[in-house]
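K.L.:
Chain residues, written in single-letter form:
Protein chains: 2
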Amino acid sequence: MTLSAIEIDHLKQAHTIEGVLPVIAGRWSARSFADREVSPADLAKVFEAARWSASAYNDQPWRFLVGRRGSSTYKKIFSTLGGFNRDWAGVAPVLILGAASATFSHNGSANAYALYDLGAAAAALTLQASALGLRSHSMAGFDHAAARQLFQIPDDYHLGAVIALGYQGEPSALVQENLIALETTPRTRKPLSEFVLEEWGTSVDLG
Amino acid sequence: MTLSAIEIDHLKQAHTIEGVLPVIAGRWSARSFADREVSPADLAKVFEAARWSASAYNDQPWRFLVGRRGSSTYKKIFSTLGGFNRDWAGVAPVLILGAASATFSHNGSANAYALYDLGAAAAALTLQASALGLRSHSMAGFDHAAARQLFQIPDDYHLGAVIALGYQGEPSALVQENLIALETTPRTRKPLSEFVLEEWGTSVDLG
Chain A
1 MTLSAIEIDH
11 LKQAHTIEGV
21 LPVIAGRWSA
31 RSFADREVSP
41 ADLAKVFEAA
51 RWSASAYNDQ
61 PWRFLVGRRG
71 SSTYKKIFST
81 LGGFNRDWAG
91 VAPVLILGAA
101 SATFSHNGSA
111 NAYALYDLGA
121 AAAALTLQAS
131 ALGLRSHSMA
141 GFDHAAARQL
151 FQIPDDYHLG
161 AVIALGYQGE
171 PSALVQENLI
181 ALETTPRTRK
191 PLSEFVLEEW
201 GTSVDLG
Chain B
208 MTLSAIEIDH
218 LKQAHTIEGV
228 LPVIAGRWSA
238 RSFADREVSP
248 ADLAKVFEAA
258 RWSASAYNDQ
268 PWRFLVGRRG
278 SSTYKKIFST
288 LGGFNRDWAG
298 VAPVLILGAA
308 SATFSHNGSA
318 NAYALYDLGA
328 AAAALTLQAS
338 ALGLRSHSMA
348 GFDHAAARQL
358 FQIPDDYHLG
368 AVIALGYQGE
378 PSALVQENLI
388 ALETTPRTRK
398 PLSEFVLEEW
408 GTSVDLG
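Protein sequence lines correspond, in order, to chains A and B. Our numbering numbers the first residue of the first sequence as 1 and each following residue consecutively. Our numbering numbers the first residue of the second sequence as 208 and each following residue consecutively.
Okay, chain A solo, but in the shape it has when bound:
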């Protein structure tokens, strides 16, 4: 079965309500990437989106190691990925490793919001990517110790996710049947009643 990027996007569209930003309803985590580079101008846009995120004390604790396919940065990030992610991520033209300073730059004290703020910046990055017609996929499955060692990341930085970035590819090019199925399966989420709460364990009525 051959599916166009438009058909796949339709399958992956969030079943949500009117008024939700199209870029939020349309973002999903692709695994099939086309053999097409991401321009430096578009990369600048996705990192500008991250740049303007909010952070505790405006510390902007996020750092992103960015590798384009063929570069040593890319090879190092790829080498840390778990087996399941290796089966597809090596086609993506860009791999990004996020990290966050665990201490505030203004006074050196611990920043309990480092990972929270990194996650926020990464979310803006992936939404901006989606607005540019790019696909992304954030991965928790990689060897943190190896990544730290390969890039000599200081101990006072937390590691975030590895993000694959590129253009939608043809799902049938994926090497594993189960990955092809995942690429076209509708996205699912818990209902609001499970996480929008008035008290712990009691839902808010938004009816």
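Think of the hints as simulated: they come from the structure by calculation, not from any bench. Keep in mind that this is a model prediction, so the values were computed, not measured. Do not rely on the hints blindly, as some may be mistaken.
[As the list claims (entries may be wrong)] Result set (DSS-like, lysine-lysine): computed pairs, CA atoms no more than 30 Å apart in a straight line:
#	chain 1	residue 1	chain 2	residue 2
1	A	K190	A	K12
2	A	K75	B	K397
3	B	K282	A	K190
4	B	K397	A	K76
5	B	K283	A	K190
6	B	K397	B	K219
Guided by the hints, dock chain B onto chain A, whose structure is given.
P.N.:
Structure of chain B alone, referenced to chain A:
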């Protein structure tokens, strides 16, 4: 000096490049809120935006305690705020406290991405709010232990930020001169060269 919401938004607009999503360039952290309620329909949209965020194993670890002004939930969240935040946040019509499950629901193992994923969901929430003409402000400054105790939040949940949500108010209504100044000061961020890296300490050239 009286400023309209449009004039304030102009002052707060990110100095960024063309192609960055308007909702990303335009979101900022307000402290002056109007005496105007947020409709349940708009609240549903902001939480739908959070709902469709990505998360490790699609665990969706985020939980949001949501209080509307006058409610006991609101009073409890407000009571945990630090002094600086108390000076302005009590005018916001909605206060939200984020939390994240520290363990995966599918197997009970530790989720190192709980706060990262909560931060991502909260970012989507604030961007959606901005798209609806709402303002938000995320606060790290609150008493975590008190919040845990007041809502009986289990130990295996991390706490995220408290988010104030509402419509832009008149900055001159803020009680402190320094808050009025903050409300109209342009936003600043580090340049990309400080956080978009090829190697640790070496910037990527994005031309």
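K.L.:
Work down the list of hints and note, for each, if the structure agrees.
P.N.:
Quick rundown of the hints versus the structure:
no. : hint              : result
1   : A:K190 <-> A:K12  : holds, 16 Å
2   : A:K75 <-> B:K397  : holds, 28 Å
3   : B:K282 <-> A:K190 : holds, 28 Å
4   : B:K397 <-> A:K76  : holds, 26 Å
5   : B:K283 <-> A:K190 : holds, 26 Å
6   : B:K397 <-> B:K219 : holds, 16 Å
Hint violations for this structure: none, all hints satisfied.
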